[in-house]
Each structure stands twice: as C-alpha cells, then as structure tokens.
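**Q** Using the sequences and the accompanying hints, generate a full structural model.
Chains as they are written, first to last, in the numbering used here: chain A, 105 to 234; chain B, 2 to 128.
Just so you know, the hints here were simulated from the structure itself, not pulled from any lab data.
Do not rely on the hints blindly, as some may be mistaken.
As the list claims (entries may be wrong) - Pairs of lysine-lysine, DSS-like flavour, derived with a Cα cap of 30 Å: (1) A:K202 with B:K64; (2) A:K202 with B:K69; (3) B:K20 with B:K64; (4) B:K20 with B:K44; (5) B:K69 with B:K20; (6) B:K20 with B:K117.
To be verified - Per the computed footprint, the stretches of chain B lying under chain A, defined by three or more beta-carbons under 8 Å from a beta-carbon of chain A, are: (7) 14-28; (8) 31-42; (9) 113-127.
Every residue, glycine too, gets a C-beta built ideally from N, C-alpha and C.
Letter by letter, the chains look like this.
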Amino acid sequence: MNYSIAIYGGPYGHQASHSAYHFAQAVLAKGHHIQRVFFYHDGVYNASALVSPPQDEVNLPQQWQQLANTHQFELTVCIAAAVRRGVLDANEARRYQKPAANLAEGYQLSGLGQLIDASLESDRLISFGP
Amino acid sequence: MSDLETSQQDNQILVIFRKAPAGSAWAREALDLALVGAAFGQKVSLLFMGDGVFQLLEQQNPKLIGQKGTQAMMQALPMYEIDNLYVEGHSLVERGLDLEQLAVNCQVLNADEMPKLLQQHQQVFNF
Numbered sequence: 105m106n107y108s109i110a111i112y113g114g115p116y117g118h119q120a121s122h123s124a125y126h127f128a129q130a131v132l133a134k135g136h137h138i139q140r141v142f143f144y145h146d147g148v149y150n151a152s153a154l155v156s157p158p159q160d161e162v163n164l165p166q167q168w169q170q171l172a173n174t175h176q177f178e179l180t181v182c183i184a185a186a187v188r189r190g191v192l193d194a195n196e197a198r199r200y201q202k203p204a205a206n207l208a209e210g211y212q213l214s215g216l217g218q219l220i221d222a223s224l225e226s227d228r229l230i231s232f233g234p
Numbered sequence: 002m003s004d005l006e007t008s009q010q011d012n013q014i015l016v017i018f019r020k021a022p023a024g025s026a027w028a029r030e031a032l033d034l035a036l037v038g039a040a041f042g043q044k045v046s047l048l049f050m051g052d053g054v055f056q057l058l059e060q061q062n063p064k065l066i067g068q069k070g071t072q073a074m075m076q077a078l079p080m081y082e083i084d085n086l087y088v089e090g091h092s093l094v095e096r097g098l099d100l101e102q103l104a105v106n107c108q109v110l111n112a113d114e115m116p117k118l119l120q121q122h123q124q125v126f127n128f
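**A** Pasting the structure below:
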C-alpha cells in the first residue's frame, strides 16, 4: 500500500513526530511504500537544521533524513507555515533578506497543495498532531 | 430531508475545525488547507465542532491579540465554492450559543449524523 504521513507537531515539544517516525518504520517493515511525509503547522520545526538535542536523545530531523534517504520518499515542508516560523531555505532567506538559511538537507519547501495531493494520490494519509 | 442526504455524492474533502480561533494557529492553518483544496479543484466541506464553533462567531476582534483572524477568509468561502458548512449542534448548546450569533450560514448536525458525514468524504482532515 502507498502511504503518506502528515506531521503537525514539533520535534521536541510534542510526541507527534516521534510517533509518526515509529509508524513509518512499521509501514516500511511490512513492505509498504511511503510516498511523502508532509510537515505542517508546528511540524515544520522538524525541518530545522539547527535542532541540537543532547547526544543521548533522539535527533528526529536527522532520523527522518536517514529514513527518507534509505527508502526514497519525500520530506515536504509547507512553505507558508515554515517561513512564518523561521524555517527558510536559501531561496527564501534571500527573498526575505535574512542572514541565514536553516532548512535541513533532504527536506524541501513546497506548497500546501502537496498535502492535498498526498491525500488524493496515496492509498492512506495518516496524520500525527497535537 | 437535509442536504446531508441529498447533495454530498461528489464531496471529496472534509476539514474539521475543533480548536478555538484564538490561542493557536490551528483555525487559520486549517482554513488555509481548505482553501488550497478548493483551489486544487476539490469539493471541500467544513465541519465546526467543540471549541471550533467559536470561529463562526460574529464580532470577533482578533486585532486586540495581534492576529489577523479568519473572518475575511470565512466570508470568501463562496468564491472558492465552499458551500457546505456544518456545525455540530451540541457544541453550540454546550457553549450557550445559537445560530443567530454565527457570522456564516451553517447546517446544524447532531452527533448521530456525524458518521454519515464522515463516510461521505473520501478525505478527512481533522484539526
């Protein structure tokens, strides 16, 4: 089956992303396919390259990168929600004349339409959020 | 017979609003998703329940808390052909509200009509 996942919670302050990560692992272990993970609302903080937890704690942005890289699925971040919250790629940093960009490698900013698209194109869209 | 019985065959997306319009970005970002869905050519319906019913009230003043609010977007719904707005009746009663206080026209649904509404939509986004 073809799955997409929507994440609405940040990487540290809320369980959503961690639960979603476990769900993604379970889906893949069962031989299913993941098309896209979409980050919306405070979920966009998962895409910050600056997330720096202590070494003995999970680094969700990094774990998502690795899983997506291994299994070749998209990590798509809502651009409107991200830019408002200070998660910018190089293009947006230039556009808004900010001193730095902080979108982590492997993530891409895109429109909210990608969440609608995921709901239409995937067999299942599973949401994780507060 | 309610609209629920007759006109929903082609509906695709249901967006559920459960959070109050102040205190978080949920109301605004849920509405953004509804508008984008409609812009993508999908038929979108909205359901307001729980504290989400406060989003329907007239005479909100979000400027006082530094927010834009969603009222302007709510008034623009017909332009996006989002015509099916539902409100869960018990949520209104629990909060001492009635239909006259709402800024937009909504169809009142009871709890026992919810399963049917959910079944009639292929995609449900719950905020």
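**Q** State for each hint whether it applies.
**A** Results of checking the hints against the structure:
no.: 1; hint: A:K202 with B:K64; in the structure: holds (27 Å)
no.: 2; hint: A:K202 with B:K69; in the structure: holds (24 Å)
no.: 3; hint: B:K20 with B:K64; in the structure: holds (19 Å)
no.: 4; hint: B:K20 with B:K44; in the structure: holds (23 Å)
no.: 5; hint: B:K69 with B:K20; in the structure: holds (16 Å)
no.: 6; hint: B:K20 with B:K117; in the structure: holds (22 Å)
no.: 7; hint: 14-28; in the structure: holds (count 3)
no.: 8; hint: 31-42; in the structure: holds (count 6)
no.: 9; hint: 113-127; in the structure: holds (count 3)
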